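Counted the way the working numbering counts, the sequence shown spans residues 540 to 604.
Think of the hints as simulated: they come from the structure by calculation, not from any bench. Do not take every clue at face value.
What the hints assert, rightly or not - Cβ-Cβ distance ranges computed for the label pairs, FRET-style:
| no. | residue 1 | residue 2 | range |
| --- | --- | --- | --- |
| 1 | Val-578 | Ile-598 | 20 to 30 Å |
| 2 | Phe-595 | Val-574 | 19 to 29 Å |
| 3 | Asp-600 | Asp-571 | 36 to 46 Å |
| 4 | Thr-588 | Asp-567 | 19 to 29 Å |
| 5 | Val-570 | His-599 | 31 to 41 Å |
Computed from a predicted structure; not experimentally measured. The beta-carbon is built from N, C-alpha and C at its ideal position, and this holds for glycine as well.
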Amino acid sequence: MMNWDELDEFYGQFRHNPALPIKVHLPDNLVDLPVGDIVGHFIVHLYETSGFVFYFKLIHDPPRR
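Please take these sequences and the hints and turn them into a complete structure.
Shown next, in the form of structure tokens:
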């Protein structure tokens, strides 16, 4: 089961940080895309550009802190 408090702590680091803008290219046919495709595109972009895996490992492997 996921510990939501830890995730909130993690996301709180980025919530109000103007140095970490999220720039996602929106496709021209955005209106025609299913919601799942839009969400998937956004998640892949965040995963590739945010260092999410690095921070996720820190949360779930405390000895690495």
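May I ask you to test the hint 20 to 30 Å on the CB atoms belonging to Val-578 and Ile-598?
-> Holds, at about 22 Å.
How does the Cβ-Cβ distance of Thr-588 and Asp-567 compare with 19 to 29 Å: does it lie in that range?
-> holds, 21 Å
His-599 and Val-570 - C-beta distance against the hinted 31 to 41 Å = holds, 38 Å
Do Asp-600 and Asp-571 keep their Cβ atoms within the hinted range of 36 to 46 Å?
-> The hinted range 36 to 46 Å holds for Asp-600 and Asp-571, with Cβ atoms some 42 Å apart.
Assessment of proposed distance window 19 to 29 Å (beta carbons of Phe-595, Val-574) = Given a distance of about 25 Å, which is inside 19 to 29 Å, the answer is holds.
In this structure, none of the earlier numbered hints is contradicted; all agree with it.
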